[in-house]
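So the sequence lines, in the order shown, correspond to chains A and B. Residue numbering for the first sequence is 4 to 488, as defined by our numbering. Residue numbering for the second sequence is 19 to 145, as defined by our numbering.
Calculated from the structure, these hints are not laboratory results. Keep in mind that a hint or two might mislead.
[Unchecked claim] DEER-style ranges, computed between Cβ atoms:
| # | chain 1 | residue 1 | chain 2 | residue 2 | range |
| --- | --- | --- | --- | --- | --- |
| 1 | A | Ala20 | B | Val80 | 38 to 46 Å |
| 2 | B | Trp134 | A | Gly175 | 47 to 55 Å |
| 3 | B | Glu66 | A | Gly175 | 37 to 45 Å |
| 4 | B | Glu60 | A | Tyr316 | 40 to 48 Å |
| 5 | B | Glu66 | A | His165 | 16 to 24 Å |
| 6 | B | Trp134 | A | Lys324 | 18 to 26 Å |
All values reported here derive from a predicted model rather than from experimental measurement. Note that CB positions come from ideal geometry on N, CA and C, so glycine has one too.
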Amino acid sequence: MKNRPLIFELGKKGRRAYSLPQCDVPRRNTKELLGENIIREEGPDLPEVSELDVVRHYTNLSKLNYSVDTQFYPLGSCTMKYNPKINEDVARLDGFTSVHPYQPEDTVQGALELLYAMDGMLSEITGMDRVSLQPAAGAHGELTGLMIIKAYHENRGEGHRHKIIVPDSAHGTNPASAMMVGYDVVEVKSDDRGCVDIDTLRDIVDNNVAGLMLTNPNTLGLFEEHIHEISQIIHDAGGLLYYDGANLNAIMGMARPGDMGFDVVHLNIHKTFSTPHGGGGPGSGPVGVKQDLIPFLPVPMVEKEDNRYYFDYDRPLSIGKVKSFYGNFNVLVKAYAYILSMGAKGLKEASQNAVLNANYLASMLKKYYELPYDRYCMHEFVLSAQPQKEKGVSAMDIAKGLIDYGFHPPTVYFPMIVREALMIEPTETESKETLDRFIEAMIELAKMADEDPDKIKGAPHKAPMKRLDETRAARHPVLKWERDS
Amino acid sequence: MEVREDLKYSKDHEWIKIEGNKIYIGITDYAQDSLGDVVFVELPEVGEEFDAEEAFGVVESVKAASDVYVPISGTVVEVNEELEDMPEKVNEEPYESWFIAMEIEDTSELDSLMDWEAYRKFCEEEA
Chain A
4 MKNRPLIFEL GKKGRRAYSL PQCDVPRRNT KELLGENIIR EEGPDLPEVS
54 ELDVVRHYTN LSKLNYSVDT QFYPLGSCTM KYNPKINEDV ARLDGFTSVH
104 PYQPEDTVQG ALELLYAMDG MLSEITGMDR VSLQPAAGAH GELTGLMIIK
154 AYHENRGEGH RHKIIVPDSA HGTNPASAMM VGYDVVEVKS DDRGCVDIDT
204 LRDIVDNNVA GLMLTNPNTL GLFEEHIHEI SQIIHDAGGL LYYDGANLNA
254 IMGMARPGDM GFDVVHLNIH KTFSTPHGGG GPGSGPVGVK QDLIPFLPVP
304 MVEKEDNRYY FDYDRPLSIG KVKSFYGNFN VLVKAYAYIL SMGAKGLKEA
354 SQNAVLNANY LASMLKKYYE LPYDRYCMHE FVLSAQPQKE KGVSAMDIAK
404 GLIDYGFHPP TVYFPMIVRE ALMIEPTETE SKETLDRFIE AMIELAKMAD
454 EDPDKIKGAP HKAPMKRLDE TRAARHPVLK WERDS
Chain B
19 MEVREDLKYS KDHEWIKIEG NKIYIGITDY AQDSLGDVVF VELPEVGEEF
69 DAEEAFGVVE SVKAASDVYV PISGTVVEVN EELEDMPEKV NEEPYESWFI
119 AMEIEDTSEL DSLMDWEAYR KFCEEEA
C-alpha cells in the first residue's frame, strides 16, 4: 500500500488545516478543572494534515469506488438494480427529513400515512394480510419472522415443535436465523431438477416441525414447481411456511407468496424495491404474515381510525419491538417512491425483464460454461466453471478476470450444491448492449482459460490492486494499524 | 487424490484411525481439496461428549464454512490445538492433521464406516 498511504501516514507534525483565532476567554488548567485522574497522559495520535491533503486523500479514495452508478454489477442473489434518483429526491423532502420520532402523532400524520400505505402495498404484492416495517434488513426480517412462528406455536400449546426445515440450496442466513431462535435445523436435499426433493421432505416431516424456510425462485434461480405440494405437506403436519424474499424480484405482479401457501414472508427493500445496499443503505426487511399470525407482529403497528393514523401498542400477543422506533423510515420512503413511480404494471414489467435478461445471458453462456440445471431460469442462474477448473482455472479466477473488463464479479461458490459456482443476476435495469458486452467478456475469459490460463490466474491486471492473497488475509488478519517506530 | 489403506472413512469425508478404543478423526484429501484453502478450524474441548453423526467442530475455508462430524458416539480425549494456529496443515497434510481423538465404547459402531476402496468409489461417484 506504499502508493496509497493512510491518512495517518500523510502530513507532518504540527501541520494544521485551520488556524483558530486567539482565545478570548481566560485559560483554565484542565487538570484542576476536571481532576487529574481522568486526563490522558499522551495526546491522541491524530493525523496532522492540511485541508488539501484531506480533500485529495478522500477524493482519490472515492475514485476507487465501484457501484451500480458506475458499472454493471451482476452479483447473484443481491439484486443490484439501479436505484432511481427520484427516490432520493422524495426522501430528502423536508417533511420527511425534519420529523422526529418523538413528535406527537397528530403532527406526523403524513409519515404515518406512508407507513400505513406501505403496509397495504407490500401486503398486496406478497399476498399477505399485514406487514410490519420494523426489521432493519433481510436477516433481521428472518429472525423476526421465525420469532413470530415460534410465538404462534407456543400460543397454541405446541411449543414442542423444534424443527425448521431448510433446503441445501438455501441462503446461509436461513439456518443461522433458525438457530438464533433456538430451533434445530434439518436440511432437505435438492432433486436433480434443482428443487426440493419431495420424497425426502415427506420422510423428514413429523409433528415436531415448526416450519420450512424456502426461497422461491430458489438460489439456483429456479421456480419451485411443487410449491403447492410442499405447502400441503408442511401444513398437514401443523407447520408453517416461511418465504425468504431475497428473490422476489423474479415474480412481482406475476405470482404471490401468499397464494403459494406461505404464512410468513420477509422482503429485502434494498433488493427488490430499489433502495441502496450496504454502507450507503441501510437495508430494510419488512415481514408480512397471514391473518392468524397478525397478533404476533412487532409493536407498534400503524392503524387508521376516523381518518386519523395512530401507533397501536395494545397488542398483548406481540413478540415486542425488534428495532428502535419504526424501522429504517427513510429507506421505506424511497421504496414508496419506487412503487408509486413504477405502478402495478411497471413492477410486473420489472420482473418480466429481470427474468428475460437472465435467460438471455444463460442461453448465450451455456455453450462456454456448464449450466448444471439446464432449464428456463427466473431472475438469475448458476453456471459452473467446472470445465475451466479441469484446465486449472477456477470460478474465482473467472470472477477476478471480469474485473479487468470493468464488470463486478458475480457471486461465486454459492449455492454450495454447484461446484465452481458462478451465480449471475443481471436485473431488469441493464440494456441489451451492456449484457452483450458482458457476454463477450465471459466468452473471452472461457477462451483464455483454454489458451492462456496463467493470464487469468494473475487477474486482475488493470485494477488499482492486483490479486489479493485472501487466504493469508483470513489466516493471519492484520486488524490494527500501528505507526512504525 | 490420496486415500490411505489403513484408515476408515465416513460419507461426510472424515477419515478415522482406529487404535483400540480410541479413534483419531480428520478430514480427507478429497475434502480439503473441495474446500480450498482452510483458514480456520474450530475444535471442541477435551471431555465433551458427542452422539454419532453430531457436529463436533467447524472447518472454514475461503469458500465456505462446514461442520465436521463424529462418525460414532464417544468422548473427546485429545484436541489438536496446532490446527487453531496453523489451519494450513489441513491442506498440506490432511492425513497427519487429526482434529480430535475420542474414546469410544462400542467398537461395533465402526463397522458402518467405509474402507479405502469403498471410499474411493464413493468419491468417484460424487465427482
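Hint-by-hint comparison with the structure:
1. A:Ala20 - B:Val80: 38 to 46 Å: holds, 41 Å
2. B:Trp134 - A:Gly175: 47 to 55 Å: violated, 33 Å
3. B:Glu66 - A:Gly175: 37 to 45 Å: For B:Glu66 and A:Gly175 the Cβ distance comes to about 25 Å; the hint is violated.
4. B:Glu60 - A:Tyr316: 40 to 48 Å: holds, 42 Å
5. B:Glu66 - A:His165: 16 to 24 Å: holds, 22 Å
6. B:Trp134 - A:Lys324: 18 to 26 Å: For B:Trp134 and A:Lys324 the Cβ distance comes to about 57 Å; the hint is violated.
Violated hints, listed in ascending order, are 2, 3 and 6; each of the other numbered hints is respected by the structure.
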